[in-house]
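Visitor: The lines below spell out each chain.
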Amino acid sequence: MRLLTPLLLACAFLLAWQPPVEAYLDPGSGSMLIQLLLGGVAGLAVILKLFWRRILDILHIGGGHDRERPGDA
Amino acid sequence: MPEAGVEPGSFRDRSARVFIQDDEVFRGLNERALEQWNTLSATAFFRRFVADGGLVGTERLDPAGRTLPAFAAEWAAVLRHDRIPFVSYPYEWSFGMLRDAALLQLDLLLAALDEGMTLKDASAYNVQWRGAKPVFVDIGSFERRPPGEPWIGYRQFCQLFLYPLLLTAYRDIPFHPWLRGSLEGIDPESCLNALGLGGRLRRGVLSHVYLQARAQAAYGGTRRDVKADLRAAGFDSALIKANATRLRKLIAGLTWKRGRSTWSEYTKCGHYEAADAEAKRRFVGRAAASGSRRLVWDLGCNTGTFSRIAAEHAGYVIALDADHLAVERLYQALKAENDRRILPLVGNLADPSPDLGWRNMERKRLASRGRPDLVLALALIHHVVIGANVPIDEFVDWLADLGGDIVIEFVTREDPMVGVLLRNKEDQYADYQIDVFERCLRARCEILEREPLGSGTRVMYWARPRG
Chain F
224 MRLLTPLLLA CAFLLAWQPP VEAYLDPGSG SMLIQLLLGG VAGLAVILKL FWRRILDILH
284 IGGGHDRERP GDA
Chain B
28 MPEAGVEPGS FRDRSARVFI QDDEVFRGLN ERALEQWNTL SATAFFRRFV ADGGLVGTER
88 LDPAGRTLPA FAAEWAAVLR HDRIPFVSYP YEWSFGMLRD AALLQLDLLL AALDEGMTLK
148 DASAYNVQWR GAKPVFVDIG SFERRPPGEP WIGYRQFCQL FLYPLLLTAY RDIPFHPWLR
208 GSLEGIDPES CLNALGLGGR LRRGVLSHVY LQARAQAAYG GTRRDVKADL RAAGFDSALI
268 KANATRLRKL IAGLTWKRGR STWSEYTKCG HYEAADAEAK RRFVGRAAAS GSRRLVWDLG
328 CNTGTFSRIA AEHAGYVIAL DADHLAVERL YQALKAENDR RILPLVGNLA DPSPDLGWRN
388 MERKRLASRG RPDLVLALAL IHHVVIGANV PIDEFVDWLA DLGGDIVIEF VTREDPMVGV
448 LLRNKEDQYA DYQIDVFERC LRARCEILER EPLGSGTRVM YWARPRG
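Protein chains in written order, with the numbering used here: chain F, 224 to 296; chain B, 28 to 494.
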């Protein structure tokens with residue numbers, strides 16, 4: 224169980240975001256996201272919420288919203 | 028001491044700036060930083076850590092009655108910090124020092140989170156030392172935690188604390204050259220490569236190194252506002268606490284299991300007859316007790332026997348040795364004694380800490396951080412001249428240029444240790460003769476005392492540079 228949980232979290236985590244795009248280097252983004260996996264049980268709820276928001280984003284259903292900032296590319 | 032004025036290494040955080048005047052350390056704060064200071068100074072953990080010595084003593088300055096530099100007027104407020112006796116850098120610390128500095132950083136983070144604050148960075152350079160006691164000095168790092176914000180300093184903590192410790196603990200790779208060559212620390216990908224396949228199975232590597240390296244590769248260039256995403260999803264301080272608590276457990280359990288090195292066993296190996304050792308101790312004690320000794324450097328300190336003698340008479344002692352294990356053992360001994368007067372550092376005179384960073388001014392060479400009143404160079408000269416090929420007159424000149432008294436032990440060619448150094452080398456050291464050495468010393472210094480030790484192969488000198 225100790226191994227399974229992080230693996231499941233990792234899968235959810237990796238599914239929760241779009242593939243990377245080339246833009247300015249933001250070296251902290253990955254390190255911030257990884258903290259969800261390192262946050263234990265409390266991180267699971269946040270991951271699921273992020274996952275759910277991404278699904279809504281992809282389906283263009285209200286509630287999720289794309290937060291890409293204009294002019295970042 | 029450093030010149031009065033702005034501390035050139037404090038420019039990164041625009042909300043505050045450190046400056047030094049009349050040997051005192053001040054920090055100018057803008058309006059936002061002043062608000063953070065007002066919050067911090069009212070917390071229980073601030074008082075607790077200052078009382079314990081883990082946080083630098085700090086007070087807000089009443090500008091009335093003090094003459095501060097003109098640029099101080101640009102700031103909303105000015106703090107005065109207790110002075111750290113001698114600034115040092117992570118690439119000069121032993122394994123145990125870096126580990127204890129990391130634990131202090133985590134303890135402060137956890138304590139701050141309990142009271143609604145956080146640390147906005149996690150630089151190892153924010154920790155300094157009073158002897159064997161780590162002291163966190165960057166008061167400007169504390170801020171009220173913005174709701175939903177992750178631990179912004181996590182990556183920096185890994186690069187400057189965790190990865191150097193993992194490489195030394197798991198692979199016996201010294202972190203000093205790496206940190207000296209990269210002020211931002213070791214990136215996850217490089218750490219992963221250095222740990223190798225076997226290292227990936229060790230505790231903490233999968234989560235803090237492997238996953239971070241992969242996440243960084245995948246999301247380092249994302250256009251999404253990750254902070255906003257996390258905030259919207261309800262990122263809570265409980266996540267940071269869980270991560271920091273696990274990190275603390277991981278780091279507290281790391282050990283460097285190097286059993287022995289060239290010099291860590293030196294004093295046990297009987298290089299000295301008992302009578303010689305006693306005469307040497309008395310000689311050093313006399314020199315250290317003479318006059319005001321605010322700062323002493325013990326170069327090639329080994330296990331610190333003479334640093335301790337100097338510390339009986341001096342304000343502060345820098346105990347420097349190139350042998351990491353010898354310095355680590357000295358640190359652990361001093362830590363057990365709760366010492367506050369001897370700072371052990373890893374350093375090689377022939378490959379010394381340079382001026383580094385922006386404009387080569389962020390991190391300074393040793394002599395720019397405080398010149399010694401007394402330098403001990405005991406059984407060192409043969410390593411510098413024969414071991415590192417430094418001409419003897421240049422070594423003596425360098426010692427004299429430091430400006431303080433010099434206690435130097437000359438080891439003659441008849442000594443077995445010199446024989447060991449020459450064993451596999453071409454003897455090109457015509458200058459390594461006691462009469463050449465004395466001529467060089469007299470050219471720059473007045474010799475106050477000269478005492479041959481009973482063994483007949485070692486001579487002690489106490490010299491004072493002229494002018």
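I should point out that these hints are in silico values taken from the structure, not numbers from a laboratory.
We treat Cβ as the ideally placed atom computed from N, Cα and C, and that holds for glycine.
Any given hint could turn out to be false.
[Unchecked claim] Computed beta-carbon distance windows for the label pairs:
# : chain 1 : residue 1 : chain 2 : residue 2 : range
1 : F       : Lys272    : B       : Thr282    : 53 to 59 Å
2 : B       : Arg392    : F       : Lys272    : 35 to 41 Å
3 : B       : Asp141    : F       : His283    : 37 to 43 Å
4 : F       : Lys272    : B       : Arg93     : 31 to 37 Å
5 : B       : Glu216    : F       : Ala268    : 26 to 32 Å
6 : F       : Lys272    : B       : Ala78     : 49 to 55 Å
[What the hints assert, rightly or not] Straight-line distance between alpha carbons at most 25 Å, and here's what the computed BS3-like set of lysine-lysine pairs gives:
#  : chain 1 : residue 1 : chain 2 : residue 2
7  : B       : Lys276    : B       : Lys362
8  : F       : Lys272    : B       : Lys276
9  : B       : Lys147    : B       : Lys284
10 : B       : Lys254    : B       : Lys160
11 : B       : Lys254    : F       : Lys272
12 : B       : Lys160    : B       : Lys284
Visitor: Take the hints in turn and mark each one as holding or not.
Guide: Cross-check of the supplied hints:
1. At roughly 39 Å, the beta-carbon separation of F:Lys272 and B:Thr282 lies outside the given 53 to 59 Å, and the hint is violated.
2. Checked against the hint of 35 to 41 Å, the pair B:Arg392 and F:Lys272 fails, with Cβ atoms roughly 51 Å apart.
3. At roughly 42 Å, the beta-carbon separation of B:Asp141 and F:His283 lies within the given 37 to 43 Å, and the hint holds.
4. Taking 31 to 37 Å as the suggested C-beta distance range, the pair F:Lys272 and B:Arg93 does not conform, at roughly 52 Å.
5. For the pair B:Glu216 and F:Ala268, the supplied restraint of 26 to 32 Å holds, since their beta-carbon distance comes to about 30 Å.
6. Separation of F:Lys272 from B:Ala78 is about 41 Å and departs from the stated range, judged on CB atoms against 49 to 55 Å.
7. With a C-alpha separation of about 20 Å, the suggested pair B:Lys276 and B:Lys362 falls inside the 25 Å cut-off, and the hint holds.
8. The straight-line distance between the Cα atoms of F:Lys272 and B:Lys276 is roughly 29 Å, outside the 25 Å bound, and the hint therefore fails.
9. Taking the CA atoms of B:Lys147 and B:Lys284, the gap is about 33 Å. The hint is violated against a cut of 25 Å.
10. A threshold of 25 Å between alpha carbons decides the hint, and for B:Lys254 with B:Lys160 the separation of about 35 Å lies outside it, so the pair is violated.
11. Annotation: proposed proximity of B:Lys254 to F:Lys272 holds, straight-line Cα distance about 15 Å (limit 25 Å).
12. Distance hint between B:Lys160 and B:Lys284 is fulfilled; the C-alpha atoms sit about 22 Å from each other, no more than 25 Å.
Hint compliance for this structure: hints 1, 2, 4, 6, 8, 9, 10 are broken, all remaining hints hold.
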